[in-house]
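There are 6 protein chains.
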Amino acid sequence: MALAADLSSKWILVSEPMPHVLHIELARNPVNAFSAEFWREYGALFDRIVSEGRDVRAAVLSSAIPKLFTAGIDLADAAKITTGGLHGEAKVDGARGSLALLRDIKDFQYAIGAPERCQFPVIVAVHGLVLGLGVDIIAACDVRYAAEGSQFSIKEVDIGLAADVGTLAYLPKITGNHSLMREMAYSAAIFSATDAERMGLISRIIPGGRTEVIAAALALAGVIAGKSPVAVSGTKRILLHSRDHSVADNLEYTAAWNAAALQTQDIPETLAAVKARRAPKFAPLRHAKL
Amino acid sequence: MALAADLSSKWILVSEPMPHVLHIELARNPVNAFSAEFWREYGALFDRIVSEGRDVRAAVLSSAIPKLFTAGIDLADAAKITTGGLHGEAKVDGARGSLALLRDIKDFQYAIGAPERCQFPVIVAVHGLVLGLGVDIIAACDVRYAAEGSQFSIKEVDIGLAADVGTLAYLPKITGNHSLMREMAYSAAIFSATDAERMGLISRIIPGGRTEVIAAALALAGVIAGKSPVAVSGTKRILLHSRDHSVADNLEYTAAWNAAALQTQDIPETLAAVKARRAPKFAPLRHAKL
Amino acid sequence: MALAADLSSKWILVSEPMPHVLHIELARNPVNAFSAEFWREYGALFDRIVSEGRDVRAAVLSSAIPKLFTAGIDLADAAKITTGGLHGEAKVDGARGSLALLRDIKDFQYAIGAPERCQFPVIVAVHGLVLGLGVDIIAACDVRYAAEGSQFSIKEVDIGLAADVGTLAYLPKITGNHSLMREMAYSAAIFSATDAERMGLISRIIPGGRTEVIAAALALAGVIAGKSPVAVSGTKRILLHSRDHSVADNLEYTAAWNAAALQTQDIPETLAAVKARRAPKFAPLRHAKL
Amino acid sequence: MALAADLSSKWILVSEPMPHVLHIELARNPVNAFSAEFWREYGALFDRIVSEGRDVRAAVLSSAIPKLFTAGIDLADAAKITTGGLHGEAKVDGARGSLALLRDIKDFQYAIGAPERCQFPVIVAVHGLVLGLGVDIIAACDVRYAAEGSQFSIKEVDIGLAADVGTLAYLPKITGNHSLMREMAYSAAIFSATDAERMGLISRIIPGGRTEVIAAALALAGVIAGKSPVAVSGTKRILLHSRDHSVADNLEYTAAWNAAALQTQDIPETLAAVKARRAPKFAPLRHAKL
Amino acid sequence: MALAADLSSKWILVSEPMPHVLHIELARNPVNAFSAEFWREYGALFDRIVSEGRDVRAAVLSSAIPKLFTAGIDLADAAKITTGGLHGEAKVDGARGSLALLRDIKDFQYAIGAPERCQFPVIVAVHGLVLGLGVDIIAACDVRYAAEGSQFSIKEVDIGLAADVGTLAYLPKITGNHSLMREMAYSAAIFSATDAERMGLISRIIPGGRTEVIAAALALAGVIAGKSPVAVSGTKRILLHSRDHSVADNLEYTAAWNAAALQTQDIPETLAAVKARRAPKFAPLRHAKL
Amino acid sequence: MALAADLSSKWILVSEPMPHVLHIELARNPVNAFSAEFWREYGALFDRIVSEGRDVRAAVLSSAIPKLFTAGIDLADAAKITTGGLHGEAKVDGARGSLALLRDIKDFQYAIGAPERCQFPVIVAVHGLVLGLGVDIIAACDVRYAAEGSQFSIKEVDIGLAADVGTLAYLPKITGNHSLMREMAYSAAIFSATDAERMGLISRIIPGGRTEVIAAALALAGVIAGKSPVAVSGTKRILLHSRDHSVADNLEYTAAWNAAALQTQDIPETLAAVKARRAPKFAPLRHAKL
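Line order of the protein sequences matches chains A, B, C, D, E and F. Here the first sequence stands for residues 23 to 312, numbered as in our numbering. Here the second sequence stands for residues 23 to 312, numbered as in our numbering. Here the third sequence stands for residues 23 to 312, numbered as in our numbering. Here the fourth sequence stands for residues 23 to 312, numbered as in our numbering. Here the fifth sequence stands for residues 23 to 312, numbered as in our numbering. Here the sixth sequence stands for residues 23 to 312, numbered as in our numbering.
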């Protein structure tokens, strides 16, 4: 099946800059503000790639808006939440309103967590502002690159709420300085790419702007796309498991996983390719929900 | 209820340098050595703030002693432990002595962990030496600032014991370099603020000394105190949960939490304040044990 | 029992450069490639030290090969796996082959995890290349030092498989930048000591080469060997527990542990030694499996 | 929205015997054998009820086949699995075949676990044979009633595999005699309703046959449908959480949940109804995925 | 310290029917309805026994009201909750009201869970009705005896809420028939002592009424009080840990615990007493919070 | 390799009453008292069967002593523990003694837990007294049968200690009445086979004595030995995992496991055998540590 053809939608552009690599661009003018419709579209894209079994081996996520990655949630939507506009139930009963909200939060979490359900790594390349929901979005991706001059903010407290679709769930596990991370989460301060790197949130700062950071991310995607998809998808699945389980539990799970995965032809193929000094060729791995 | 009036006690000074912000100073001359009486006083202070429902939105913890944060546990007390002086039970029976010790360790852990039970962030500002128990104390706080020239040591092995009131429980979760952290835990080496930052233990090094680091911490506290207390306290609670649970478990918990918390008036208030270019005003949030 | 006498084996040299300290050198020419026989020998060495109760208080692991730490797994062995050469069962039945593989993976994990079962810290000092299995090996140690110019690679995807004996289980827990760590795990890229330090994988970069990094590691080992073995072994056990459990669970476990361990004579001995300005003397702690 | 209208499908009959109660009947002649198409239809039914927000407050699941509940999986499908007929990938590569199987197993688990995602209790009423997959199906329901003479078998080992869509995951948690449960899981023995009750698998044995057990289940469904849907759905969600978490974790989650749910009008309504000696009336609770 | 003297309070009678055994009787006429004041008194009693270090080795909890154990929560209090009468915060803001409720729920849970914090077993002896909160209360005790004719109901759904102070947290772990348990939790049905026993909720049905069941419980308490308090309190602590952790985690914790506890003189004392055919004598074990 | 030849040792008789079935008899006169030497022999037997890859498909464990299963631990050994006779370390230092004890407890736990590391089910057939360690031993087996008249006691508190090698770790998970179980654990009461069955500890009571219960257990072993060893060993492994993990975690693990295991020839073989109305034949499954 064609990799990117027809995957583009209302506010998301999808292209295939090189074999097995998708480039996914957020393109809702003027500031990539996420309305409910937009985040549903976002989650649905990844789930569609998975369910249709396209032979994607790496993806890059970036913004098509020149000046920023995203300003975060669309405040018009946020306002509706508290006026009960989204849920008739809220008018009936406080509890029914709360339970309706709970459903929405879970749907929202499910959409933003979609990159985790892909078997291929998702590399996010940010530039400019990465506000509020932007941090939730990048936290659910595998690898984060930032253009110099990028600015981040865990903005949610500034509109009176605790981040609930990923930032607070992921950051304590994927970064290495809780003191700095909590400082940013409590204060909603804008922080630089340098602070993001110090915190352990991003791999590296790419000199230049949007073009350069996307190029760097695509280069990494290209490297990954040249590797065995059995190996890369297994690595992703095991790393996600490891993040949430003890070492002993993870080793047990990994042993079961690799007992099957080591039967792959990708191992003799890579060994043969090394010997012959040629690039290995790998059969597609139909996409699996992780 | 007045925020700080009468909270000061034998060895702890409490003031209210700005609205909703407490400044808590450890002041047991000459070196802030922690006797059992002192750490009980320390834990009781935080628990009292919580139980009395004072409208605190951020707190700064520092030392009133010019030359250091703390030298750690009072060795006179440590000596009593091993001679059985604290527990008559030890004379009856090795096991009864052990069980009495176990009770004391749990009480000690409970006191040192008190900042976690506050709904507001606790920012610790250290200078000079931070030895032994000092590391346990700061590890249980939310944010850590260090004056340049601060020196740290996980001193416990130097008196023949493994740290048991927080350091070894928290550090593997809140820092980002286990190799460096274990090196310090096994060797009791003195390490610099620079190494503390490399390890991920502190947010940043503040140029200057005691005055400057306290000023920086109070500035952060002031920012946080201006945010919605519903949002900040929810953020703290969710981050503590996230540290100790899987991503999936945390998202489930967060959804339940926010289903209630999103009903706050702080959201429309912040949105309105932004529109009107004024500071938002938030009702007090009676203090809850987390 | 003599500390190092007769511990050396086919490809591993063991010496006792100072009291209570072992130096363990990997010495399989030309590149320390790990065949099944070699990793079994590796695991058996640590288990033997433990079971024989030698009075070791710290160990340094390094390579005796001048140009590198290890090239990783012996590809001849890896090739046998996929041709079923190791397991007759694979010819009978895909499932029986898988289950036989699973047994082997668990044995392999058990051997590489052996340093965790020692009551003393293991400090690894690397130089040159640290490829594939080399990363699994160092991840299971306590402290990691690297000579400048060291180069690392999570090489497994390059031979078509997901790392399954430690790297993916440990790295998400012991490092502080998941973005950088996953980037390396998916791409099998060579990364520098500087990147290893940024990721939080190593304590520090030691200027110089093999000689200098071993000297630095031995110096640390010497410091640790001078501390109370009750305190150091308890610290190790509690840190391993903490890595895999919640703060609350770990504090509970630690209280039970220290209720017994605080009865040690090492506490009064250290206090007395400090007073008398002499080095403390500690009785041996018969070696326990952790 | 009408409760049952048009929910019936190829092999599943759905009716609404009383307000807010669904009766779901499995009706694939001759023995309710579950092909992949049938279990997909089964899972989709529950997910559709949830997503369409129908005002269901309890459901009864039973068999429309007079002589049995189900003979389990359709062996024609099982045969295809091992010949690779379902997955072209298996011909390419053992690992790709395994990973394709893994996807199928997870889809299968998701379908059979669908009753857990409903906010209302599902009561299963069995008669005659309940073989293999039949045990997985009933284990994922809330309440199990059996007609006298019902016979059960954890049949999977008899076709050479370990049950993988629920039986082995649920039974250790929902029954009270592991010895008896494991005996049945290892031997594939047929066991009586009496043994099922002894094991703790069923609530009670209903004298009579299909008609009587369905009547008893519907009576219970009717009682439950008369209760506050906020209370019943909260009870279900909390019980599912409790099964899989520690007491402390569950109490924490429950407190967050009820902080929102206690705002329901169902509480004053029930109190008023009791006073007035009338039946309470509850607003619909739009259906939420649990 | 005298065992029972002065422990009696407004609605709770405490006596010492035999050495080291407390009898605690709930005595709030006419139906032991639990107002907030009553459950606070209940929790405080156990916490006081613990903190004062009384030499209690077993306790029996029963009702002083001839016709029933308890009718559950005081509905006057329940009504106040939903009208916001308890919390001024609810008038300010939905979220603040929810957070205030959350505090109350946690306090309530803490009080009802107090028997778990005692080092001695608490045996509850019920007769007559055990409604709503009554089930939460007995679930947090160690052993449950019921007089024939006792009747139970998980009554909460009948007032529109999910049980949140213990029943739903404990029952899935301490009983052996989830089907029957959920049936009762969803339907609020009255169930007999026979069903309670079938479910695994009670140890046994005692023929007779209040007098007989109390006598049986006291007899058991007397037996337990004759055992080593080190052994009994260790058994309780380990069983509570085991309920909430994996087998591997529990064995690890138990080993640490018993490493200290096996040093007790109670072992040689019991061995000597057996030899001499006399009753062993045990030193008091100062009471510890578990 | 011959199944049972030469497996018999000092106090354990091993025979092969039918193909692929081992009968293991405890035979230390006069009362099967477990000295350290005996429990080491016990654990070593199972580990040897596993490591030597014998084609065992089920085992029965029973006592060769006509009047009882076991009187439990050898009190001579227990006495040595508390006098420090086993560990010279205890004389040096309380902590070193405790740590030495801790090592012993872990070795003891490892030996008694050996049946869990076998890939085949272990059925225990008891008669007469099953005291103390006897309960730990049977708790670690898969299936428990008891002759009528069998009597059990969790005897440990009667010698002043908490059971630490299995009873308290397993019983809360494998039985269905915590009230009854704790009653027995606290009181050391003798309980009947009927109470053991009520508690959920045993599958069933076999009329008659030692001969009959062994015959029944062997009959079950024979049935199990006729099933696919891939299916039975997978079932055991998954059930053990399920006991200690959440439903979601277990389903994830099971999917990985079966992705490999479903490739077995045992599935077509069983389907073919059913068609041909013959017994299926299965290749040996070399023994794996679970």
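Quick caveat, the hints were computed from the structure, so don't treat them as lab data. Remember, it's a predicted structure, so these values are computed and weren't measured experimentally. We put the CB at the ideal spot given by N, CA and C, even for glycine. A couple of the hints might just be wrong.
[Unchecked claim] Pairs of lysine-lysine, DSSO-like flavour, derived with a Cα cap of 30 Å: (1) K89(C) to K297(A); (2) K297(E) to K297(D); (3) K32(C) to K89(C); (4) K195(A) to K195(B); (5) K89(B) to K32(C); (6) K32(B) to K89(B); (7) K32(B) to K89(A); (8) K297(E) to K195(F); (9) K89(A) to K32(A); (10) K89(D) to K32(D); (11) K195(F) to K195(D); (12) K195(D) to K297(E); (13) K89(D) to K89(F); (14) K195(F) to K195(E); (15) K297(C) to K195(A); (16) K32(F) to K89(F); (17) K89(E) to K32(E); (18) K195(B) to K195(C).
[Stated by the list, open to error] A few chain A positions that, by computed beta-carbon distances, are all more than 10 Å from chain F: (19) R62; (20) D69; (21) P88; (22) K89; (23) D126; (24) D129; (25) P229; (26) L240; (27) H263; (28) R265; (29) A278; (30) W279; (31) A282; (32) R300.
[Said to hold, decoys possible] Pairwise CB distance ranges (calculated): (33) E59(A) to V245(B): 31 to 41 Å; (34) E74(D) to K297(A): 38 to 48 Å; (35) G230(C) to A98(F): 56 to 66 Å.
Against the structure, the hints come out as follows:
1. K89(C) to K297(A): Within the cut-off at roughly 23 Å; holds.
2. K297(E) to K297(D): Judged against 30 Å, a Cα distance of about 66 Å means the pair is violated.
3. K32(C) to K89(C): 20 Å, holds
4. K195(A) to K195(B): Holds, because 8 Å separates the two Cα atoms, which is no more than 30 Å.
5. K89(B) to K32(C): 56 Å, violated
6. K32(B) to K89(B): With Cα atoms ~20 Å apart, K32(B) and K89(B) stay inside 30 Å; holds.
7. K32(B) to K89(A): Not OK: K32(B) and K89(A) at ~56 Å, beyond 30 Å, violated.
8. K297(E) to K195(F): Roughly 36 Å between the alpha carbons, so the hint for K297(E) and K195(F) is violated.
9. K89(A) to K32(A): Holds: K89(A) and K32(A) sit about 20 Å apart, inside 30 Å.
10. K89(D) to K32(D): Holds - the C-alpha atoms of K32(D) and K89(D) are around 20 Å apart, at most 30 Å.
11. K195(F) to K195(D): Distance of about 8 Å is within 30 Å: holds.
12. K195(D) to K297(E): 44 Å, violated
13. K89(D) to K89(F): 48 Å, violated
14. K195(F) to K195(E): Distance ~8 Å between K195(F) and K195(E) Cα, so the pair holds.
15. K297(C) to K195(A): The given pair, whose Cα atoms are some 44 Å apart, is violated under the 30 Å limit.
16. K32(F) to K89(F): Satisfied, since the Cα-Cα distance of roughly 20 Å is no more than 30 Å.
17. K89(E) to K32(E): Holds. K89(E) to K32(E) sits at ~20 Å (cutoff 30 Å).
18. K195(B) to K195(C): Roughly 8 Å between the alpha carbons, so the hint for K195(B) and K195(C) holds.
19. R62: Check passes; 25 Å lies beyond 10 Å.
20. D69: Check passes; 19 Å lies beyond 10 Å.
21. P88: At roughly 42 Å from the nearest Cβ of chain F, P88(A) sits farther out than 10 Å, so the non-interface label holds.
22. K89: 42 Å, holds
23. D126: Holds: least Cβ distance 22 Å, greater than 10 Å.
24. D129: Nearest chain F Cβ is 19 Å from D129(A), so the label holds.
25. P229: 41 Å, holds
26. L240: Since the minimum Cβ distance to chain F is about 32 Å, L240(A) lies beyond 10 Å and the statement holds.
27. H263: Violated, because the least Cβ-Cβ distance between H263(A) and chain F comes to about 8 Å, which does not exceed 10 Å.
28. R265: Correct as stated: the minimum Cβ-Cβ distance to chain F is 14 Å, above 10 Å.
29. A278: 4 Å, violated
30. W279: 5 Å, violated
31. A282: Answer for A282(A): violated, closest chain F Cβ roughly 4 Å.
32. R300: 31 Å, holds
33. E59(A) to V245(B): 31 to 41 Å: Taking Cβ atoms as reference, E59(A) and V245(B) lie about 34 Å apart, which means the hint holds.
34. E74(D) to K297(A): 38 to 48 Å: 58 Å, violated
35. G230(C) to A98(F): 56 to 66 Å: Holds: the Cβ-Cβ distance is about 60 Å, inside 56 to 66 Å.
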